[in-house]
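Just so you know, the protein sequences line up as chains X and S, in that order. Residue 756 in my numbering sits at position 249 of the first sequence, and the numbers go up by one each step. Residue 715 in my numbering sits at position 208 of the second sequence, and the numbers go up by one each step.
Rather than coming from a laboratory, the hints here were simulated on the basis of the structure. Among the hints, a few may not be true.
The list treats identical chains as interchangeable, and a pair is accepted whether it falls inside one copy or across any two copies.
[Stated by the list, open to error] Here are the computed lysine to any residue pairs in the SDA-like style, where the Cα-Cα straight-line distance is at most 20 Å: (1) K625 <-> Y538; (2) K625 <-> Q682; (3) K649 <-> E817; (4) K625 <-> H685; (5) K625 <-> M611; (6) K737 <-> G549; (7) K567 <-> A537; (8) K625 <-> A610; (9) K625 <-> D612; (10) K567 <-> H523.
The primary structure of each chain is shown beneath.
Protein chains: 2
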Amino acid sequence: MTSCSEPLTASTLGEHLDLQRRRVEDALAAYLPRPEADPSAGRPERLASAMRYSVLGGGKRLRPVLCLMAAEACGGSWEAAIPAACALELVHTYSLIHDDLPAMDDDDLRRGRPTCHKAYDEATAILAGDGLLTLAFELIAKGVSPDSSALACVRILAEASGPDGMVGGQMADLQAEHRALDQHEEGSLAELEAIHRRKTGALLKAPLQMGAAIARASDSHREALERYGKAVGLAFQIIDDLLDVEGDETKLGKRVGKDSGHGKWTYPRFLGVEGSRTRARQLAHEAVAALAPLEARGERLRDLALALLERDS
Amino acid sequence: MTSCSEPLTASTLGEHLDLQRRRVEDALAAYLPRPEADPSAGRPERLASAMRYSVLGGGKRLRPVLCLMAAEACGGSWEAAIPAACALELVHTYSLIHDDLPAMDDDDLRRGRPTCHKAYDEATAILAGDGLLTLAFELIAKGVSPDSSALACVRILAEASGPDGMVGGQMADLQAEHRALDQHEEGSLAELEAIHRRKTGALLKAPLQMGAAIARASDSHREALERYGKAVGLAFQIIDDLLDVEGDETKLGKRVGKDSGHGKWTYPRFLGVEGSRTRARQLAHEAVAALAPLEARGERLRDLALALLERDS
Numbered sequence: 508m509t510s511c512s513e514p515l516t517a518s519t520l521g522e523h524l525d526l527q528r529r530r531v532e533d534a535l536a537a538y539l540p541r542p543e544a545d546p547s548a549g550r551p552e553r554l555a556s557a558m559r560y561s562v563l564g565g566g567k568r569l570r571p572v573l574c575l576m577a578a579e580a581c582g583g584s585w586e587a588a589i590p591a592a593c594a595l596e597l598v599h600t601y602s603l604i605h606d607d608l609p610a611m612d613d614d615d616l617r618r619g620r621p622t623c624h625k626a627y628d629e630a631t632a633i634l635a636g637d638g639l640l641t642l643a644f645e646l647i648a649k650g651v652s653p654d655s656s657a658l659a660c661v662r663i664l665a666e667a668s669g670p671d672g673m674v675g676g677q678m679a680d681l682q683a684e685h686r687a688l689d690q691h692e693e694g695s696l697a698e699l700e701a702i703h704r705r706k707t708g709a710l711l712k713a714p715l716q717m718g719a720a721i722a723r724a725s726d727s728h729r730e731a732l733e734r735y736g737k738a739v740g741l742a743f744q745i746i747d748d749l750l751d752v753e754g755d756e757t758k759l760g761k762r763v764g765k766d767s768g769h770g771k772w773t774y775p776r777f778l779g780v781e782g783s784r785t786r787a788r789q790l791a792h793e794a795v796a797a798l799a800p801l802e803a804r805g806e807r808l809r810d811l812a813l814a815l816l817e818r819d820s
Numbered sequence: 508m509t510s511c512s513e514p515l516t517a518s519t520l521g522e523h524l525d526l527q528r529r530r531v532e533d534a535l536a537a538y539l540p541r542p543e544a545d546p547s548a549g550r551p552e553r554l555a556s557a558m559r560y561s562v563l564g565g566g567k568r569l570r571p572v573l574c575l576m577a578a579e580a581c582g583g584s585w586e587a588a589i590p591a592a593c594a595l596e597l598v599h600t601y602s603l604i605h606d607d608l609p610a611m612d613d614d615d616l617r618r619g620r621p622t623c624h625k626a627y628d629e630a631t632a633i634l635a636g637d638g639l640l641t642l643a644f645e646l647i648a649k650g651v652s653p654d655s656s657a658l659a660c661v662r663i664l665a666e667a668s669g670p671d672g673m674v675g676g677q678m679a680d681l682q683a684e685h686r687a688l689d690q691h692e693e694g695s696l697a698e699l700e701a702i703h704r705r706k707t708g709a710l711l712k713a714p715l716q717m718g719a720a721i722a723r724a725s726d727s728h729r730e731a732l733e734r735y736g737k738a739v740g741l742a743f744q745i746i747d748d749l750l751d752v753e754g755d756e757t758k759l760g761k762r763v764g765k766d767s768g769h770g771k772w773t774y775p776r777f778l779g780v781e782g783s784r785t786r787a788r789q790l791a792h793e794a795v796a797a798l799a800p801l802e803a804r805g806e807r808l809r810d811l812a813l814a815l816l817e818r819d820s
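Okay, chain X solo, but in the shape it has when bound (with noise of 0.2 Å):
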């Protein structure tokens, strides 16, 4: 085999993105490194413990994934997308710390382990969570080059996942969840997608667009990696809500049925489940036309989004 970049037989999707999910753990276990002993450092220990716990315990990755593999599609590098792609696992690990709180979503497990309110203590798992969200941005600060690919990235990802964005969708969320079980409300496919567009959509769209703008690509590129996104983006979501009607728990880490026994909105819910496979299906093959602009190098986003039609976790 030669020692080159250019192997001799392709490596599978699945091997690329084993490669590319190790390259991020790598960074992430170095971004967050061991607590020091030392109770006078800047980060008390119980708190650099429980970030840790909660970040490094697994995960798809698949958004640092996502913004690896876009930069590379724009003839960029994963080395110089890295810190991007760690600044969004660590916001979204953040997210999941906070919605699994008693006031929130009330959930004891997470990735089949306790969550970090459970196994540390709520109030460190509050902060545990304001730490990692405030330590992506300065990870972007202080990795991202140049500067004004690194400030672009701060837009993205502080818009992404802010009140018009991730959080504003978790409350929505919250809101829909209240009304479908205390109202009895019926809600409508609309109300359902204009959640998930912030809940889930945004954070998943983000990573294409931080990994165009770091490959400093072109307009038209960075276009089709966002119309790319926002379609993934969906069809994960729709394959999220199957997966809780027809999944195995022990592969998903979580309890399967929740959905329907909080009586809350999903997809199946309102296109039955042939009519959610269909629609995810449809977003799947718009994500991959969508990349046409990208030619050869947009390859591997192309499997990936017929692949993700196929997970069973």
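Given the coordinates of chain X, work out where chain S should sit on it, guided by the hints.
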């Protein structure tokens, strides 16, 4: 009175601070518009309302005012510093919302009104805080120029408010409170200062650093402002502790005597009231001395350091 920037008589410090505060209030209100009645808009109405309630409900605006003053002291303009100044206030406000939560300090009153989770609900308060923290970085990314100054501000704010700064300090404070209450541990002045440096000091030093960055100050001026910020931050906290012992509840807008009731570590506890007042006075004079390199432009900040000694709220 002439219509240019040279008044016939110089305004007093009080008038100057009022002017700076008005600039900040106007900008904050513009950054947090009234919620749209349209439920499909990006930001849910209740979330927007809670964010406004917490930010626009009053406050000394010390951090943003320090930022504006630092920029002007380095020959920059307050207009250029406004987005960063407001970002500081959003971060300060988010920290208060989260600190007040039941799992944290569990406070019902703040600035004489119900805390965010009491006025709304706990989930909304958690998300309002998250939203404000995220929005702070958005404001900087979009409002500060050039890019190098904007990135410097992102870095400074993230470091000051993150797990090695404010969040770490809050964690350390909660842990110290448990040790004081449950284990009747005496603590030490060194430990108390390590908590204050992070919990409150970092976000009082950051405004000076950010103002300097925006004004593209020389290293000498930047360092002078950092020394000032560090000294003033500590003096501020000592005065805070003293007000809790000696202060007027109506003026403060919160209960007094809370600290001693909790066995909380404070400056008076370690240095006595007189010793604390002396230490605060020393620090205020250190702050004044630190600004020598700024010459005449440092006058307002020097006056402010001395004025902080006299505060009663």
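Practice item. Would you pick out the hints that fail for this structure and give their numbers low to high? Key: Numbers 1, 3, in rising order.
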